[in-house]
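A.B. asks: Turn these sequences into a full structure, and let the hints guide you.
Chains A and B supply the protein sequences, listed in that same order. Heads up: the first sequence begins at 1 in full-length UniProt numbering, then just goes up one per residue. Heads up: the second sequence begins at 1 in full-length UniProt numbering, then just goes up one per residue.
In case anyone wonders, no lab produced these hints; they're calculated from the structure. Just to be clear, a hint being listed does not mean it is correct.
Where chain A lies over chain B, by a calculated footprint (3+ residues, C-beta under 8 Å) [what the hints assert, rightly or not]: (1) 166-177; (2) 202-211.
Residues from chain A that keep clear of chain B, each with C-beta distances beyond 12 Å, as calculated [claimed, not checked]: (3) Gly11; (4) Glu14; (5) Leu40; (6) Asn56; (7) Ser88; (8) Val90; (9) Asp92; (10) Ser98; (11) Val143; (12) Met146; (13) Val155; (14) Ser173; (15) Ala230.
Beta carbons: idealized from backbone N, C-alpha and C, even for Gly.
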Amino acid sequence: MKGFDLAVILGNPEYVAMLVHGIEMTFIIAIFSWLLAMSLAVLLLAVRFSPGRIGNAAVAAYVSYHRNVPTLVQLMLWYFGIYTILPSGVSDWLSAHSAEMIFAVLGLGLCQAAYFSEDLRSGLRSVSPGQMEAARALGHGYVSAMRFVLIPQGVRNALPALVNHSVSLFKNSSLAIVIGAPELSHAVKEIENLSFRTFEIYLIGTILYLFFSLMIMAAGAYLTWRADPANGARR
Amino acid sequence: MIHDLIAIIDEYWLLLLIGQYPNGPLGGLANTLILSALSIVLAFPFAILLAFGRLSKYRVLRWPVTVLVYVTRGVPLLMLVLWSYFLVPLLTGADVPSFLTMLTTLVVYQGAFLSEIIRAGIVALGQGQMDAARALGHSYFSAMRYVILPQALYNMIPSMLSTFVATIKDTTLGYVINVPDLTFAASQVNNQLLTQPFQVFLILALTYYVICWSLTWLTNVVERRITRRRAGLIAPKRRGQFQTSLTPNATEQP
Numbered sequence: 001m002k003g004f005d006l007a008v009i010l011g012n013p014e015y016v017a018m019l020v021h022g023i024e025m026t027f028i029i030a031i032f033s034w035l036l037a038m039s040l041a042v043l044l045l046a047v048r049f050s051p052g053r054i055g056n057a058a059v060a061a062y063v064s065y066h067r068n069v070p071t072l073v074q075l076m077l078w079y080f081g082i083y084t085i086l087p088s089g090v091s092d093w094l095s096a097h098s099a100e101m102i103f104a105v106l107g108l109g110l111c112q113a114a115y116f117s118e119d120l121r122s123g124l125r126s127v128s129p130g131q132m133e134a135a136r137a138l139g140h141g142y143v144s145a146m147r148f149v150l151i152p153q154g155v156r157n158a159l160p161a162l163v164n165h166s167v168s169l170f171k172n173s174s175l176a177i178v179i180g181a182p183e184l185s186h187a188v189k190e191i192e193n194l195s196f197r198t199f200e201i202y203l204i205g206t207i208l209y210l211f212f213s214l215m216i217m218a219a220g221a222y223l224t225w226r227a228d229p230a231n232g233a234r235r
Numbered sequence: 001m002i003h004d005l006i007a008i009i010d011e012y013w014l015l016l017l018i019g020q021y022p023n024g025p026l027g028g029l030a031n032t033l034i035l036s037a038l039s040i041v042l043a044f045p046f047a048i049l050l051a052f053g054r055l056s057k058y059r060v061l062r063w064p065v066t067v068l069v070y071v072t073r074g075v076p077l078l079m080l081v082l083w084s085y086f087l088v089p090l091l092t093g094a095d096v097p098s099f100l101t102m103l104t105t106l107v108v109y110q111g112a113f114l115s116e117i118i119r120a121g122i123v124a125l126g127q128g129q130m131d132a133a134r135a136l137g138h139s140y141f142s143a144m145r146y147v148i149l150p151q152a153l154y155n156m157i158p159s160m161l162s163t164f165v166a167t168i169k170d171t172t173l174g175y176v177i178n179v180p181d182l183t184f185a186a187s188q189v190n191n192q193l194l195t196q197p198f199q200v201f202l203i204l205a206l207t208y209y210v211i212c213w214s215l216t217w218l219t220n221v222v223e224r225r226i227t228r229r230r231a232g233l234i235a236p237k238r239r240g241q242f243q244t245s246l247t248p249n250a251t252e253q254p
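C.D. replies: Here you go:
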């Protein structure tokens, strides 16, 4: 049994480069899928709040599918399933442009959009209907009332849930290991195979994930605190 | 397309349902459900202990539990699965089946999440319940056992059901360490067929969808019922009530 020695990994420039690359890829997956999820969530919400039964039912089905199927299975369906039935031109282009990364972003982003849109929806629903009536009575139009009165309050209510789901999105980026995306947990596995220092490299990987998750949680807590009018937020 | 799906289900339904069972370990959907049910059953007492620890006035108890909860909230489940795959055989010194490794991981992971739910449920009851129980002569644990927990746990049934759904979804990570569950069975089917990966993984996704959707639906029904009961709109069912309605005297009296 070899003694515990972090220097074997942290002193080896090759391993450090692999770790740094893994962190970069994890952040690329997390950030791009966050952006995709958030923009899609706003779109889904707009459809949900507009009249029209078909649009509403479609959004409800979208949300229901993405919340009730395990994220891992969704990623597998994308990469092992949908990837293979795409027209050959598209799949050739994808395989030339690191398809694993694209499908990781796509799969995680589309999945998380369902959670984000539900968070925003329950945030908006928790704003009392009187607010809309009062804003309209003061001469705001529907859009203007939404923009200046309802959405600021709704987003504020939704903030804690959005932060929690952003943390889980970051954590879920590790699922991309099953489709072979070269992110942090992939780098950890690879270094383990090269160095046989399982304990040390798992410890480093765990601490890195924990550090970034706690940073996101802290940023979210600060944002929630700032958004509270009691702490001097712009009303 | 639909024809393909039916053909695959027709050919492989037994493998997807119970894996290689008579000739090998139990697998497939049966194993997924057993794994999730076992881990939630085992995680539950563990979570109550953790919640007590987090609410304790002693730092020695509070701090380690807080650290555990934050670590499980901040580290991907995948990383924890890899840890147990490495540590459990090392600590027990035995060749542990991957099912047990996954069970250990899920108990710790869901235990930490459930403990936060239980803690919130206990805190939401308010200090008054505990004070009143203590004033009536209950000890701390007796008050917890007879006054706090029955109320807190009843209010938390919906959250626990949704934790069960989350557990079913989390069992898919056993795929990384080759736990013979539904996902594993589907990828076996895919390896045998080779030509229809989309159809196979669509069946997998739809199966999970049906299970988790029905449980989510059940959760919503239970939640609505509990909210109404707490608001006093429906009376709790008592044994006496049921019996009186069956006695002929009660109805025939003028």
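A.B. asks: All hints, please: hold or fail.
C.D. replies: Structure-based check of each hint:
no., hint, result
1, 166-177, "holds (count 7)"
2, 202-211, "holds (count 5)"
3, Gly11, "holds, 22 Å"
4, Glu14, "holds, 21 Å"
5, Leu40, "holds, 19 Å"
6, Asn56, "holds, 18 Å"
7, Ser88, "holds, 15 Å"
8, Val90, "holds, 14 Å"
9, Asp92, "holds, 18 Å"
10, Ser98, "holds, 20 Å"
11, Val143, "holds, 32 Å"
12, Met146, "holds, 28 Å"
13, Val155, "holds, 23 Å"
14, Ser173, "violated, 8 Å"
15, Ala230, "holds, 22 Å"
Violated hint for the displayed structure: number 14, the only one.
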